[in-house]
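Visitor: So the sequence lines, in the order shown, correspond to chains S and L.
Sequential numbering from 370 applies to the first sequence in our numbering.
Sequential numbering from 963 applies to the second sequence in our numbering.
Hints listed in this document are in silico derivations from the structure and should not be mistaken for laboratory results.
Check each hint, because a few of them may be wrong.
[Stated by the list, open to error] Taking lysine to aspartate or glutamate and the EDC-like style, the derived pairs with C-alpha atoms no more than 16 angstroms apart in a straight line are:
1. K817(S) x D1574(L)
2. K1422(L) x E1389(L)
3. K1414(L) x E1389(L)
4. K1176(L) x E819(S)
5. K1069(L) x E1097(L)
6. K1638(L) x D1574(L)
[What the hints assert, rightly or not] Ranges of calculated distance between the beta carbons of each label pair, as one might list FRET restraints:
7. D1456(L) x I445(S): 42 to 50 angstroms
8. I1631(L) x T722(S): 41 to 49 angstroms
9. R990(L) x V847(S): 35 to 43 angstroms
Here a beta-carbon is modelled for each residue, glycine too, at the ideal position from N, C-alpha and C.
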Amino acid sequence: MTSNAYVQLALYLTLLGLLAWPLGRYLADVMAGRSRVVTGPLGGIERACYRLAGIDAEQEMDWKRYALAVLLFSLIGTLFTYALQRAQGWLPLNPQGFGAVSPDSAFNTAVSFVANTNWQGYAGESTMSHLTQMLALAVQNFLSAATGIAVVYALIRGLARHGAATVGNFWVDLTRATLYVLLPLSLLLAVLLVGQGVIQNFDADRSAQTVTTVHYPQARLDAHGTPLRDAAGQVLTDTLSTRSQVLSQGPVASQEAIKMLGTNGGGFFNANSAHPYENPTPLSNLMQMLAILLIPAALCFAFGREVGDIRQGWAILAAMALLFVVFALAAIWAEQQGNPTWGALGVDQAAATWQAGGNMEGKETRFGIVASALFATITTAASCGAVNAMHDSFTALGGLVPMWLMQLGEVVFGGVGSGLYGMLVFALLAVFIAGLMIGRTPEYLGKKIEAFDIKMVALVILATPTLVLAGTALALLVEPGRAGILNPGGHGFSEVLYALSSAANNNGSAFAGLSANTPFYNVLLGLAMWFGRFAVIVPVLAIAGSLAAKPRLAVTAGTLPTHGPLFVLLLIGAVVLVGALTYVPALALGPVAEHLALRES
Amino acid sequence: MTHQQLSMFDPALLRPALLDSVRKLSPRVQWRNPVMCVVYLGSILVTLLWLAALAGHAEAPAGFILGVALWLWFTVLFANFAEALAEGRGKAQAASLRAAKQRVLAKKLSAPRRSAGYELLESSGLRAGDAVLVEAGDVIPGDGEVLAGVASVDESAITGESAPVIRESGGDFSAVTGGTRVLSDWIVVRITANPGEAFLDRMIAMVEGARRQKTPNEIALTILLVALTLVFLLVVVTLLPFSLFAVDVSGAGAPVGITALVALLVCLIPTTIGGLLSAIGVAGMSRLMRVNVIATSGRAVEAAGDVDVLLLDKTGTITLGNRQATAFLPAPGVSEAELADAAQFASLADETPEGRSIVVLAKQRFNLRQRALGDHGIGFVPFTAQTRMSGVDCDGRAIRKGAADAVRTYIGTLGGHFPAEVERSVEDVARRGATPLVVADGARVLGVVELKDIVKGGIKERFADLRAMGIKTVMITGDNRLTAAAIAAEAGVDDFLAEATPEAKLALIRATQAEGRLVAMTGDGTNDAPALAQADVAVAMNTGTQAAKEAGNMVDLDSNPTKLIEIVEIGKQLLMTRGALTTFSVANDLAKYFAILPAVFVATYPQLAALDVMRLGSPQSAILSAVIFNALVIVFLIPLALRGVRYRATGAARLLRDNLLIYGLGGLIAPFAGIKLIDMMLNLL
């Protein structure tokens, strides 16, 4: 480990804390309508929205109506995003003249962006028109993030209220999250990114002459986009050469900002944040990393304020941060160690003044080992999925970190809103098992956790493992699934496992190496994303409704304290244990087997 | 306690339990416990695989399959045994109760008078509302209320207490229980319960565990256990295609066998808690029964663990039942002996413990003998709720003793004067936490008798323990505020309710519950019934009225109000045992992964041998060791499940830390050692 790693990690966490604390206060105030921003002129826009849509902002919803509103709103968003992709050929702002996106890819992408996953089976710059990028994809970046905030707010109200029949108004939560939080922050970040060199225009692609002739291999595909293989199962490639390079253009900065802030992660370009037009400098990289975890961290403080005990928010945040630091250090260590095979060959992989050392395959030299491994940890700790390095090229253990972070259920900070509601579900679980050991029936924040609540917790805990494990099994069993796997052995298995983990946990990052833009994977992953999102949201809202109706019990010396270090450890234990017990066999057959094989060879 | 713990594995209980554990293999019984049902189905599947192996379709060596099959069956049997053992203890208790429930002939009256004619009828033919005559030597045919008469009743069949109790019509001693025997005199009883619904029937059903309903927390925990089982089912089922793929791409080894997968599944699902859960519940009920408390629902036992506030009646719980006279404080111009003489005279006919203590004190201090009654042509004035005084009229003297305000009013009506010095004595006495009793002779105030409450020994430490547990104690008393405050301070309770009326009690419970606290209380009188019904845990005294017993959710057969504290501890112990075994069960899984995963995949990926941290003998012995450990751990934990996790009065944070260390960390580490040990023994054989 280099001191560079510790310095970067410490700097990152310090800045994150400094930014998240005031944002948490602001978030709590605007979501509750207490802030002067809401009563002021900007509030006029909010009220105008309600008048236009015929919404009574005072009318609160019970959890069932709230869930119905979330589902209907997301369904309409999906249909709209699908339709726009299919019709983009006839619509303006399409300088490249792209035709309609294929039905399965359009379905996959529509679900992907609505579910805040932003898994991308397509390459943005060669598929989507500027209009589609802006009106379909960027809009869903805002709305899916706002939906996450709305849902976690319903749950927070459930914990804070007592004897209440309602959990809030979805339309109000959605509007406030978008109008007061996501839009202003995105505007600010977009301007800062433009300052670093991120492009923002409506131009067609430009062609530039390269200095030397470039040779590159390309996989040979069949009519379905599946790579062709030789008799040995190796993928067939053609070597091409060129002296010109196409430089894609477009409104990148405006989309980049919300891509990070909303933990969406869907890049304008296929190379995502590794692309110099999306993420040109180390400073833009730091801004992007901060933007990913900013709202998830701030929501913890907002939660503490809403339940009337800021220490509760600190405890959740501490559990997230501790897990995060351990995973980040593991990823940085694994990448800095480099490839064991090369070590055996006598290659110098140590970090030195003139070389980054470690495993630089698939990483940008302007970011290096630490910023790449840190970015990978951040993007998978949150359900962002933006990448500035290729996770497929990480070492076996370095690749295990992002994969397991996703499999933990995206609760280490997690997605905007979804991370906190996921973590709160784990808090209920931890309290339920361990709380009994103090000789009381379990309670969290004065709310008794009873059969209905635990049934919903069980549904949440079951949803994503079912999608990941059953989906992976299906992909390995059927021919269209196996056809997409590029690499042999344990690594090929990891690619499929990673794709399903990413989709079902709404992360959206890809391990690459898997040809996923096929009808089979588009449909499989599309379903995994939809159910990974909404099969969690609905039970979470049910918990919110059930908790809101319960009385709030007083805190005594006999109640389980949920703000101290012991609870933080307990929460971490619950997250890690559930994640380990569910995924250890799969991980053993993937990255662990791969790592041990490399070490032995 | 020691005696009762020894009897846990009494041969008289073991033999039927062993038999029952085999009987419980019936699918209808297994179906009720989802976790163990999976083990049950797994056992059947592996047994079929063994038969197939014998027939030549072996997926693994037949001996190995047989070994796994046998130990899977043992796992089911061990869980059955734990449940049967717990139920057996309950059944033994029920049997002694049932002995009381002999068929008796009832004398059904045509009208609720003794003089009305009666017909002889089987007690099972009685309906609620019927009136029966019970005479000396008769067994009371059903639960009911005394309409007329007074009788001494032997209730030892229910309470185990051999001293007979008095039951009479009206007031708080009018309830009688079916199965008890009238020793002397007669009573007319109105039956209040239909056959099968009587108190004794409910008690038998509760302790027997036959119709035991799952409690709310038990249901919630079962849901969680089912969810965990589903997760592991998913993990194990998808392992087959993963393994097929791995074998395919690596070209080495063979896909994982069904036997190994079933073994892995059974090891992973929470069999330890799944197998012991119902035993823990039955044992909790049984522990309550052992302290002579019958809960009418399991829910009440759980709620007892949650209680934040205990409402305790002062008399009998905090102080010894009766106040005792400790001093005579004469008025100016009156000698102490004169006061003592008058006080003793006024108390001669007073049979209350307080009255007797005045007689005794006067005798001790001034050697005043108890005068023979009838010497003076005495007319006794009994205590009534209206006058709140008692005394004697004789030789033209009217001696009265009573509460200060009652005597003051009485003196006032006679035109007398209540001296300021006496007023001061009254206040002093009250401030000391004692009860002042003013004695007057006609319109002349003689002075004050100090009646002191004796706080029970050790009760203060008990309350300190409760405080450490986060439980607040509130003393309920009819005394005035001054007296109540003094006793509260002496006993160390957190709060008190003075001059308590049933309405004030009910209001206090409601207010406390509105703050989000759970309240426990004891009560016996009919006027306690509303408060009992409102409280979250309500313990009715067995000597109490039928109304009180109906309103409460527990009945204390010993009628000992201090029992409430023990009930809370038993409730907590029940929940702690459940939590500890769940944590232990889940924590165990990590080691089992380290045992089984390398064993089943090492042929495909040889490098996974590095995960075999326990260095187990062979893949097959590794799997078998994990299965054996999983089965044996149930047996080892049966005593803990039945006896309950040791309970200490301390704050929640410390309890959690200690139990997490023991059952969480211990649960992670123990199986590594256990599996290694079993593996070494298997390889020795």
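Visitor: Next step is simple, just say for each hint if it's right about the structure.
Guide: Status of the hints after comparison with the structure:
For the hint pairing K817(S) with D1574(L), the CA-to-CA distance comes to about 42 angstroms; that exceeds 16 angstroms, so the pair is violated. Only pairs whose Cα atoms come within 16 angstroms are accepted, and K1422(L) paired with E1389(L) is rejected, the gap being roughly 25 angstroms. Taking the CA atoms of K1414(L) and E1389(L), the gap is near 14 angstroms; set against the 16 angstroms cutoff, the hint holds. With a C-alpha separation of about 13 angstroms, the suggested pairing of K1176(L) with E819(S) holds against the 16 angstroms cut-off.
This hinted pair checks out: K1069(L) and E1097(L) have alpha carbons roughly 9 angstroms apart, not beyond 16 angstroms. Under the criterion of a C-alpha separation no larger than 16 angstroms, the hint pairing K1638(L) with D1574(L) is consistent with the structure, at around 11 angstroms. Range check, D1456(L) to I445(S): Cβ separation about 58 angstroms, and the 42 to 50 angstroms hint is violated. For the pair I1631(L) and T722(S), the beta carbons lie near 46 angstroms from each other, so the given range of 41 to 49 angstroms is met.
For R990(L) paired with V847(S), a C-beta distance near 40 angstroms keeps the hint of 35 to 43 angstroms intact.
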